[in-house]
Each structure stands twice: as structure tokens, then as C-alpha cells.
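Build out the structure end to end from the sequences listed, making use of the hints.
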Amino acid sequence: MTGWKLGISASVVALGVALGGTAYAEVPESSDPVRVVLNNWTSQNVLANVAGQLLERMGYAVEYKPSDTQLQFTAMANGDMDFQVEVWEGSMWPAFKEALDTGGLVDAGTHDAVTREEWWYPTYIEEVCPGLPDWKALDACADKFATAETSPKGRFVGPPADWGKHYSERITALNMNFVEVPVGQAATLWAELVSAVERKEPVVLFNWTPNFIEAKFEGKFVEFPDFDPACHEDPAWGSNPDAIYDCGAPKQGWLKKGAWSGMEAKWPKAYEFLVKMNFSNAQIAKAADMVDSDGLSPEEAATKWIAENEDAWRAWIPEGVDLGS
Amino acid sequence: MTVVGAATRGRQGRHGLTRTGWLAIAAVVALVAVAFTGLAPWAGTPPAEVLPPTRAWVTQFFKWLARDLDFGIVTFRDLTRAMSWLLDWPLAWSEALLYEGFRSVPVGSLPWVAVVAGAALLGHWIGGRRLGLLAGLGFLYLAVFGFWKPSMQTLSLIVVTAPLAAALGLALGIAAARNRRTEAVVTAAFDVMQSVPHLAYLAPVIVLFGFGQVPGLIATAIFAMPPMARCTILGLRTVPPEVIEAGRMCGCSRGQLLWRVAIPAARPTLMVGVNQVIMQSLAMVVIASLIGAVGLGYELLFSLQQLRLGKAVEQGVAIVIMAVVLDRLSQAYARRKPEHATAAEGWPKRHAHLLTFAGILVMTAASSFVVPGVGAPLKAMTVTTAPLWDAAVKWMTVNLFDALEVFRDGLTVHVLIPLRHAFQWLPWAMVVPLVGLLGLRLGGARLAVLVMAMIALIVALGFWTPALITAYYTTVAVILCSAIGIPIGVWAARNEAVARVVQAVCDTLQTFPSFIYLIPVIMLFRVGDLAIIIAILGYASVPAVRLTYLGLKRVPETLIEAATAAGCTARQRLWKVELPLAFPEIMLGLNQTIMMALAMTAITALIGSRDLGQEILKALPDADTGRGVLAGLSIALIGMTADRLIGAWSRTRKRQLGLAS
Numbered sequence: 009m010t011g012w013k014l015g016i017s018a019s020v021v022a023l024g025v026a027l028g029g030t031a032y033a034e035v036p037e038s039s040d041p042v043r044v045v046l047n048n049w050t051s052q053n054v055l056a057n058v059a060g061q062l063l064e065r066m067g068y069a070v071e072y073k074p075s076d077t078q079l080q081f082t083a084m085a086n087g088d089m090d091f092q093v094e095v096w097e098g099s100m101w102p103a104f105k106e107a108l109d110t111g112g113l114v115d116a117g118t119h120d121a122v123t124r125e126e127w128w129y130p131t132y133i134e135e136v137c138p139g140l141p142d143w144k145a146l147d148a149c150a151d152k153f154a155t156a157e158t159s160p161k162g163r164f165v166g167p168p169a170d171w172g173k174h175y176s177e178r179i180t181a182l183n184m185n186f187v188e189v190p191v192g193q194a195a196t197l198w199a200e201l202v203s204a205v206e207r208k209e210p211v212v213l214f215n216w217t218p219n220f221i222e223a224k225f226e227g228k229f230v231e232f233p234d235f236d237p238a239c240h241e242d243p244a245w246g247s248n249p250d251a252i253y254d255c256g257a258p259k260q261g262w263l264k265k266g267a268w269s270g271m272e273a274k275w276p277k278a279y280e281f282l283v284k285m286n287f288s289n290a291q292i293a294k295a296a297d298m299v300d301s302d303g304l305s306p307e308e309a310a311t312k313w314i315a316e317n318e319d320a321w322r323a324w325i326p327e328g329v330d331l332g333s
Numbered sequence: 015m016t017v018v019g020a021a022t023r024g025r026q027g028r029h030g031l032t033r034t035g036w037l038a039i040a041a042v043v044a045l046v047a048v049a050f051t052g053l054a055p056w057a058g059t060p061p062a063e064v065l066p067p068t069r070a071w072v073t074q075f076f077k078w079l080a081r082d083l084d085f086g087i088v089t090f091r092d093l094t095r096a097m098s099w100l101l102d103w104p105l106a107w108s109e110a111l112l113y114e115g116f117r118s119v120p121v122g123s124l125p126w127v128a129v130v131a132g133a134a135l136l137g138h139w140i141g142g143r144r145l146g147l148l149a150g151l152g153f154l155y156l157a158v159f160g161f162w163k164p165s166m167q168t169l170s171l172i173v174v175t176a177p178l179a180a181a182l183g184l185a186l187g188i189a190a191a192r193n194r195r196t197e198a199v200v201t202a203a204f205d206v207m208q209s210v211p212h213l214a215y216l217a218p219v220i221v222l223f224g225f226g227q228v229p230g231l232i233a234t235a236i237f238a239m240p241p242m243a244r245c246t247i248l249g250l251r252t253v254p255p256e257v258i259e260a261g262r263m264c265g266c267s268r269g270q271l272l273w274r275v276a277i278p279a280a281r282p283t284l285m286v287g288v289n290q291v292i293m294q295s296l297a298m299v300v301i302a303s304l305i306g307a308v309g310l311g312y313e314l315l316f317s318l319q320q321l322r323l324g325k326a327v328e329q330g331v332a333i334v335i336m337a338v339v340l341d342r343l344s345q346a347y348a349r350r351k352p353e354h355a356t357a358a359e360g361w362p363k364r365h366a367h368l369l370t371f372a373g374i375l376v377m378t379a380a381s382s383f384v385v386p387g388v389g390a391p392l393k394a395m396t397v398t399t400a401p402l403w404d405a406a407v408k409w410m411t412v413n414l415f416d417a418l419e420v421f422r423d424g425l426t427v428h429v430l431i432p433l434r435h436a437f438q439w440l441p442w443a444m445v446v447p448l449v450g451l452l453g454l455r456l457g458g459a460r461l462a463v464l465v466m467a468m469i470a471l472i473v474a475l476g477f478w479t480p481a482l483i484t485a486y487y488t489t490v491a492v493i494l495c496s497a498i499g500i501p502i503g504v505w506a507a508r509n510e511a512v513a514r515v516v517q518a519v520c521d522t523l524q525t526f527p528s529f530i531y532l533i534p535v536i537m538l539f540r541v542g543d544l545a546i547i548i549a550i551l552g553y554a555s556v557p558a559v560r561l562t563y564l565g566l567k568r569v570p571e572t573l574i575e576a577a578t579a580a581g582c583t584a585r586q587r588l589w590k591v592e593l594p595l596a597f598p599e600i601m602l603g604l605n606q607t608i609m610m611a612l613a614m615t616a617i618t619a620l621i622g623s624r625d626l627g628q629e630i631l632k633a634l635p636d637a638d639t640g641r642g643v644l645a646g647l648s649i650a651l652i653g654m655t656a657d658r659l660i661g662a663w664s665r666t667r668k669r670q671l672g673l674a675s
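Quick mapping for you: the protein sequence lines, in order, are chains A and B. Plus 8 on top of the position in the first sequence (first one is 1) and you've got our numbering. Plus 14 on top of the position in the second sequence (first one is 1) and you've got our numbering.
Check before you lean on any hint, since a few could be wrong.
[Said to hold, decoys possible] Mimicking EDC-like on lysine to aspartate or glutamate, the simulated pairs with C-alpha atoms at most 20 Å apart in a straight line are: (1) A:Lys144 - A:Asp236; (2) B:Lys632 - A:Glu106; (3) B:Lys632 - A:Glu188.
[As the list claims (entries may be wrong)] To be clear about the criterion: a stretch of chain B counts as covered by chain A if any three or more of its residues have a C-beta under 8 Å from a C-beta of chain A, and this derived list gives those stretches: (4) 254-262; (5) 308-319; (6) 412-426.
No wet-lab data here; the hints were simulated from the structure. Quick reminder that beta carbons are idealized off the backbone N, C-alpha and C, glycines included.
Listed below in C-alpha cells is the structure:
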């Protein structure tokens, strides 16, 4: 499809240049819509809409395409979508890397925001498990987390099996009294969390930041031994001399942007904008909160964010681009 | 009571062996296999190293298709992409008309008031006041609950997909009805298309057709087309020969015979196909949003990830409403008798509906420039019942969770986990010959070879362990579905009022996106086997109910009277006459229940399982096409094995009951 459209639009542009006599490239360099990836969580939707609305003000046509988080990179590498504003180290790295290796996808820079994924519990559990958030304290009251299936061990509700987190290995390496029960998707985690919170039952599950959960529920990450790259390679490292994974996850994971490798050539200024685009944790949390707490739609939240944060996004607009009115 | 007598005599198998004889052989085979597995562990689960690398082959094949296959002037990918490009045209039109507006000319999309009025007028024109009211209120719901734009996005996809899938299905059905060999090929292909879960073919679809509305359309059409073709074959085959003969005598050409005689005569069956096309298209809406289709499906997944269950329920209802309205409109249109208006009535009178619509359109389009809320509904005009649903779910989790504790834990620890261990233990070297024996008993040597080959293929593809877990979920779910569904079907067959309610519930369960009820099920039952099985139940018990009802309704009146005259009590009549006679339909219901349970395992993988569904889900991140497609194929193989065995059993019983010639 792209090939056909590219051909047509190229000839349209050529005709425009011939008739109008404009010799230098102006924004938009191509009248094709820039296709922005939408995933199904709040912050990504607001950020994608912020990017889309700013691109529209720069003069681009924009189209939003909903996508599965795992299929998106294949599609971007094929040139079927143009960019993604949130690439998470924790959950997307394997698929992202696979697509980078094909050459169809490029890494379009890293946000200031850092991400963290770890075992997490709602605050009320601290009353029954003194000493939290230390992992040894959690392990000491493992029986409180037991269910009929896992008893006498505690149950840890883990991430989807394919996210490659090695939590069962960690449980073994640290000799913990827990069993990992992996879920199939994020919404399943939240269903478990909400169900437990409403009955004030002990629960410990996989969670990450930034996401909408922190705005709705009070809780903390469990503190495991600090991460060190050696921990995942050298058994001698850490408390267990015979096993790897005897440590926590990195506390500062990256959050990147990704783009189709042809984007820079097709819309140089739009690509420059994408590379400069940069969100901090606080900005992301606030943007997501407009949807999660105030009930705005992602589009409305993006418009509001743009109106209120001009200082932040002015720096992302490439030089020589006129924002119009 | 000859019927029952025949059934009893039929217990003796076709090879002259008694049931005890068969059981004895089966026991010997099982023992030998177990002993053998003890000696050679590879007979339990074959190690991955000895199996051919089929997954890599399939992945390579798709890479080759997408990148390297070259016909000289064009590549294969150019062809598939050109197809996407072609399909983009009608879609661009429906999108522009319904929600986007035309880019090239300054004409906006249809104002929502005009669409609602148009639906009501269309309903009134086709089917009278009741249908007009249904269509109008249905579309009004979409606007009032604030889903106008996503609904129109979904509708723009459906109005292109459904006719396309129906036309394709009709064409394939006609071709197959003319030629037995074509039919054999086509139906085998449909078996695979329908039983491979959708999630498995999303990866190849995006590679070949891209991302967005069009691939969503193609994925939907793949799934929605087979029922239409099957109904076409059935419909054309069952046209009475006298009708065709009459057509011939009138001097019809071959084309006239088909279009003017056979197809009108087969219309009722064809319309069942159209109904299924519409239902299946809307059932695919959520899946299509995973590969870039915008609309209600995407909004629904977004709500679910935010755990806004109430909103998701409303969006699910919107999908159901759209399905029901479109279905009733198309059904009524097919039943409509041509009206022969007289010229004396005049053009305006004959086209009153059209003129009214044109009037409303002009008025709303003109006023939409000045009056806000005419073009697209304003946020202030919408209502929501979401807090109500959320409160209901909250009440459930707080109050029912503990009450269910005993049931949940008891069942999980004492029944499900031991059962799962038993299934996981099963060595393939035992299952393959046992399935073969069953095939031999029910259908003969050919069937035995076929089913053995299908199970052996699952082993060869390297999916034996996850396939056993899939079989475990399916077996437990199907037993429960039958235990619940068949009595409900019987009850509905006795009582018309119950039947109407049951029918409505079945329609809703089939189109209401299953993603939604996964969440409350997890809240009440926690991640685990019980949650998975209960989620399957909601979806898969529908055919058990429907076909039991149908089977009982079809028992000839005369036989019931005869039974009553012979002095049967109501209970005797049910057990000795009606249920045995309804057996073939009940078996078909069982067959469909198995198919739906298998299809659901791909979705329940989202709860967290270790079965074939999970294999499909895991294949998505690595774009591991081979793993996903072959896991999907393994699910299809389990389904087809069950289908062939049950089909043979049902045919034997029919013969014994004297129902088949």
C-alpha cells in the first residue's frame, strides 16, 4: 500500500513543485498522513495524541492506528505505521530488538522518564507484615499470601510468561516461600489487585511505574538486593553463591521512542520533532491522570496538556517550522 | 417401542465385538503403552531435538512469501498489498460517509440525527413499525451512550466486510455445490479456517496485508465467510429436484436456473448464512483492533485495560445491538414480498421513505453548521450507566468471594488439579492407538487412520504437552456445558416463554465480547484453572442449549402421541422417546460446544494458562509466525478429531434409530 501511495504522492509533490515553483522543502514534506501507534493504556494514548496534535499544528496530516503491543514493531518495520511514543524496556524489549535487527525500525531516542518493574503490594499489607518493603519481611509472612492452590507457600501474581522476567528463578535463587502464578495480560493483574483491595486481602503482584495504578491505589515496590549486571551472569555474585537472579530488577529502566526507518527521509522535520520529544515521569503521570481521574478522553487530555505546558513542548519543535495560528 | 429396541440391539458393534470386547482390547493397548513408556520415556513426551523443526520452516516460509517470492514483474507481497489497496477504496467511501467526511470536497459525514432517522426509516420500509422502532432505538443507543464515532468506525468496516464475505461465500458455495471434488477441498479448508483461533493468523495477515482497517477487514472475512459457503452448499443441495426440473422445462439457461430458480428456492438456508456472517463479523471487532482497526473493539480493550468495566459493558452492548439490528434488517429484507405498486399511486407516494430521508438529511446537514450537536452528538447529550455496573461488580467481589471460597478451593484442589495431573501424564504412545480404536469402533478403518494421523501430527509438531492441557480444559468445560446446557434446552423446549428468554440470552452470549467477562471471573475465582473453565462455560454452552432445543422440537408429533397413547409418563416419554430421537442434534450441539470451547482457550490464555492458547499468545512478541500458526493448527486438529468421531457416532445412531436412509 505504501509503495503505491508513495508513488502517487511523489508525483503530486513533483507537480506541486513544478507549478508553484517552491524550491525548498517545506513542512509537510509529504502530504501522506503520519501514522501514530495507539496502544491500550492511558499514558501512551495521551502522549500519542500530544505528538499527533503537535504534528498537526506543524502542518502534517495525522492518522491514529490502534495496535497490539507485540505486533506493532513488525508493522512499523514493514512501514505500515510510523512511530510509537512509548517503548518500554521491561515489556517490549524482545519484540523491539527483533524489529531493530531487521533494519526496518529505528530507535528514536530516550525519554527522561525512567521505568521500574518489581513486585508490588498495597500499603495496607504493612500492618500484617512488619518490616516491609524489605523482601525478607515479605518472605517471613509468605503464609499470609497463600491460597488453596499454593499453600503453604505464598502466591505471587506474576507478569505474562513471555515477558521474560525470571521471577521463578529469583524465588528459587533467594530461597523464598513463594510460588509464581503468571497471568496472560495486564488487565488480569489489575482484576486480581482490585478484587484483593476491595476485601483488604494480602496480595503481592507484578507492577510497574509510571502507570495509572499509582493514581488509584497506594502501594510500594518490594525492595530486593540491588540490581547489578553481574547478578544475571555470575552465580558467585549475591547472597546465593550457586545461582544467578538473586537480586531485584533495575530501578531505572529506559522509556524510548521508536520509528519506521523510512520516516526520517519521508518527513525529516516530523522525525526531528519525534527525536526531541521528551517526557519526564511527573509529566507522564499528570497527563495520564487527566484521563484516569478527571474522566477526559485521551484527545481532550492531550489538548489540555498542550495548552498548559507550552514551555515543555516548544523545545521539541524543529527550527524553521511555523506552527501557524 | 421399536425405537428403543433397535437402540439396544445396536450396542453390538459392526465388527461383531461386544462392548466388553472393545473395552478389553482398549485396556490391553493402554497397559502395553504404559509399560512401553516406562521403558522408553520418549513415548510419553517426545524430546524437542528429535522432532523436525517445523516451526522454523513455517516462519521461514512466511518470510519467504513476504520478502522473496517474485513472479518476475511483481512480488507476492506486491500482489497482497495491491489487494489491500483495492479494498481500501470502498472502505474509504464508507468511512468518509459515516464519520470522516470527504477530504477532497467540502462535504462532511452524515449527521448522526440523519443516520438514526435513516435506520428507523429503512427498518420501517423493510419490515414495518416494529423493525423501524428497533433500528431507530438501536442506533439512538449508540449516540446517547457516547459511542457515536467508534460505532460509525465499526459500522463502516462491517458494511464493507459483511457483503464482501457473503458474496465470496456465496460464490465458493455455488462452485462447491456443482462439483463434489471442489466441495471436498473447500470444506476441508473451511474446517481449518474456522477452528484455527484468530489470534494465530494475525501475524501472517499483518506481514502480507499491512496494518489498519483493511487487514482487519481481511481477518474478519476469513472467519466470517465459511458459514455462508457452507449454508450455500447445503441450500443448493436441498433444493427439491422437481423445482429444478420445472425450471428446465420452462427453458431456463444454466445461469437462469441458478439465479432465478435454485437460489430463490434455497433462500431460507442462505439467510442463515447471512445471519452468521453478520454475527461473526461483529464478534471479530475486538480481535481486529489488535491489528489496527479503529472503532468499538479498540475502545472496549482500552476500557478493560483501565478496568472500567461498566464502560466496557456498555461498549459490549453496543456491539450486540449493532449485530442484532443489522441481522434483523437483512432477515426482514430477505423475507420481504415484492410489492407491486400501481403507477396511479404516483412517484412521491411510492418513494415516501426515500423522500422523508432526503428531507431529514438536507435539514440536518444544513443546520449542523449552525446548531451544535446535530453533526456529531455532544458530550453533554450523553448518559452512562457505568457506575451502576461497576457497583454491581464491586458488590459481587466483596460479598460473593468468601461465599464461593469453599466451592472454589474444594473444586480446584480436589478435582481440577488431580485431573490436570492425570491429563499431563498421558503418554502419546497410549493416546494415539486408543483414539484409533475408538475410530475403528465408531466409523471403521478409514476413520481410525485419519484420527490417528491427526493426533500423531500434534505430537510431531512438538505441542504434545500444551495440547494435553488444552484437552483437559476442553474436556472439563464440555462436560459442564452439557450438564448445564442440555437441561436448559429441554426446559426451553417444554415452555415457550422460557424459550424466548433463553434465545435472547444465547444471542447475547454469542456476540457479547468474551474479553469482558474474563475480568469479573478473575475477580471472583482468581487466576487459575477454575477461572479459565468458567470463562469457557459462558461462551461454549450456547450450542448445547440451542441444538437440544432444536432436536426436541423436531421430534415428530405422531411419535409423541403414540408414546402417550401407549401409557408413557411424561418422564418416560422424555427419556425413552424424545431424547433418543433428538440424539443426532444433541450430538451436533456437543460437537459445536467442543469447537467453541477450543476457540475460547485462545482467549482464556489472557487469564494465564499453559496450553496451546498460551503458545499462540507467546508467539506474538517474537513475531514467531511458525509457533503461532502451528499451535493454532494443533487446536484445529483436536477439534477436527472430535468432530470426525462424534460425526461417525451420530451417523451410526441415526441408522440404528431408523432416522437416516
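| task | Please flag the earlier hints that this structure goes against, numbers listed from lowest up. | result | Result: hint 4 breaks, nothing else.
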